[in-house]
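> Using the hints provided, position chain B relative to the given structure of chain A.
Below, each chain spelled out in residue letters.
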Amino acid sequence: MKRTIFGHRLLPWLLLFPQLAVTFVFFLWPAGQAARQSFLREDAFGLKTEFVGLANYAALFRDPLYLNSLQVTVVFSVAVAVLSMGTALLFALAVDRMLRSARAYTTLIVWPYAVAPAIAGIMWWFIFNPTIGIMPYLLDIAGYDWNHGIDTTDAMILVVIASSWKQISYNFLFFVAGLQAIPASLREAAAIDGAGPVKRFFTVTFPLLSPTTFFLLVVNVTYTLFDTFPVIHATTEGGPAQSTNILVYKVFVDGFIGLNLGSSAAQSVVLMAIVIALTAIQFRWIERRVEY
Amino acid sequence: MIRNLAVSGLALAASMTAAAAQERVEIQWWHAMGGELGTKLEEIVKGYNESQDQYTVVPSFKGTYPETMTAAIAAFRANEQPTIVQVFEVGTGTMMAAKGAIYPVYQLMQDAGEDFDPSSFLSAVVGYYTDTEGNMLSMPFNSSTPILYYNKDVFEKAGLDRETPPTTWAEVVDFSQKIMESGAAPCGFTTGWISWVQLENLSAWHNQPIGTLENGFGGLEAELTVNGPVQVQHWTNLAQWQKDGIFQYGGPGGGNDAPPKFYAQECAMYMNSSASRAGVVANAQDFEVGYGMLPYYDDVEGAPQNSIIGGATLWVLQGHDEEEYKAAADFFTYLSSPEVQADWHQFSGYLPITQAAYDLSTEQGFYDQNPGTDVSIKQITLNPPTENSKGLRFGNYVQIRTVIDEEFQALLAGQKHAQGALDAVVERGNALIREFEAANK
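Top line first, the protein sequences correspond to chains A and B.
Per the working numbering, the first sequence starts with residue 1, numbered consecutively.
Per the working numbering, the second sequence starts with residue 1001, numbered consecutively.
Isolated chain A (complex conformation):
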């Protein structure tokens, strides 16, 4: 047995350097700037700067609109996660039962993942446009007056559908892989014992899929927290009456449109804390405990 040992102390650092540099420049430094900014009150041009301590944070948690945004984000995240994972699981189960055409279906279902979120947003905006869209027209025939420009529930439904649509593909792939990893013998044994398809799913398949499901849950929540920005921007712009103004969109609106940098920075820091917590949960809890 030959073991290679590098005596060089510098080399590992040298090899790590590009990655560390990228992390520093594109993550740590801006994050540090945001953290610093969150303690300041500053005019847009940066001409007058004043240290205000935690005032930006205090104002944030007193602001009913921020609390509303938190609530909207929770509703939105849960809805997107449930809809996209539920649909993806159904599709994956259906494909798993197929023998010959499974690959063709898999390829087709994965396609939407290649669509950029902004384009997906525009597409759904067209489909649901109250004036020129096809869906409001059909819903009108069915007796429902769709108008996501005024109705807050309609708007939430629209952004949930538009955000879930793309994510279904991603979740689907993982579920298909997860299903394939479950030994057929287990399900066959259950079948021989007299368990029907529904019973087999809930007692054998779904528990064995739980590592995949937990992983996807975290990934999906992170997705709804950040990557849904273009979808919101292209469809509702956070409206009507802030009913779809999720946290990341509010950071953008307050900081880049409203030029209120202190508050916007404080919001980013809160968002960062949420994601750090989620990641910690994923590593500490899910990766270790969901084992069989």
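Just so you know, the hints here were simulated from the structure itself, not pulled from any lab data.
Just so we're clear, the structure is a prediction, and the values are computed from it rather than from any experiment.
Careful, some of the hints might be misleading.
[What the hints assert, rightly or not] Straight-line alpha carbon distances no greater than 27 Å define the calculated DSS-like cross-link-like pairs of lysine-lysine that follow: (1) B:K1152 to B:K1378; (2) B:K1099 to B:K1326; (3) B:K1099 to B:K1441; (4) B:K1326 to B:K1046; (5) A:K48 to B:K1243; (6) A:K48 to B:K1378.
What follows is chain B alone, placed relative to chain A:
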């Protein structure tokens, strides 16, 4: 030897031309004019660059108004700011308060020794951009005011006179009902810019204050007062008309869904910027468009007063050298010349910013050949502006515009009454103004 001489002679000539070329001072102009307006703007700049050999203006399109403003501010923080930036009217409060960042235009023109007469500009336009001492802080470029567009063919189909637009809100309702009952169109009217047209201009048009301290012109301590009886009545009506189908909401901000409703002949009337004219004419394929002034409530004393402007002006930013500022001043003189202004006004539907440009357009017979194109200018100059109708100036107004949209949506969704929605606009708006005041003390 001779050959060598010839070569060095050539090289010398080449370096001299290069030197001559280098003498041209280059300045950056960041703007927010996309599409046809952007093409026209580049044409104007090209005309300027070719008209003299000292300065070169380089225009760059930076996206929407808020994006352009944010880009310029971010650039200023990074010390990469352009010399000239186009900022929309609601950004005026922010720019004005940034004293160390801007180079006021009146001072620029004075320092550069340009022949500059502020009184040649239309007061309704310039008033928006002058400080309390009457000094012009930015250069008006594209200013517009909302007017009423209507579908002449639908009017005729409904048995109305195709040449007579409604003048009062009572007529708007009456006409809309006739149009809807006759089946000429399914909706009476729609509008772009709820904030700008149906609140700010509504207030000015009826001589109602938008805020204290002369609508904010008097200082950063101003407060909003848009929850007065006229505004509340109008918003109550709008909510009712939306329910009745007379009015259809076109969305927040500029109201992206409004123009298609008018173009598709779904709504017979449409209120929006006079600068939408080019777009309206291009899209009104199957019908003829008429123009009118904004409607008013005839039971409100003092109405109609005059409407206020929107659009953008050019701000000069600090941090460049003297030569570049000379270039900017020279370019501004060119931009405000009657020929350039008249051309821009006639092409775009923006207001002519100088009296001379208006006179020139009249002389050229533009208004006779294009009836209705002078509605906008007649409307802003209908009466001498009062404290309530010369414009508005509040800090953080970009965000306040969003607040107005949100509260209007809450009104339409039935979550609030007009009084509650407008009270909320005032309360939330004032909080934003206070925040701005604190950051800019």
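> Each hint: holds or not?
Status of each hint after checking the structure:
| no. | hint | verdict |
| --- | --- | --- |
| 1 | B:K1152 to B:K1378 | holds (21 Å) |
| 2 | B:K1099 to B:K1326 | holds (20 Å) |
| 3 | B:K1099 to B:K1441 | holds (11 Å) |
| 4 | B:K1326 to B:K1046 | holds (18 Å) |
| 5 | A:K48 to B:K1243 | violated (48 Å) |
| 6 | A:K48 to B:K1378 | violated (42 Å) |
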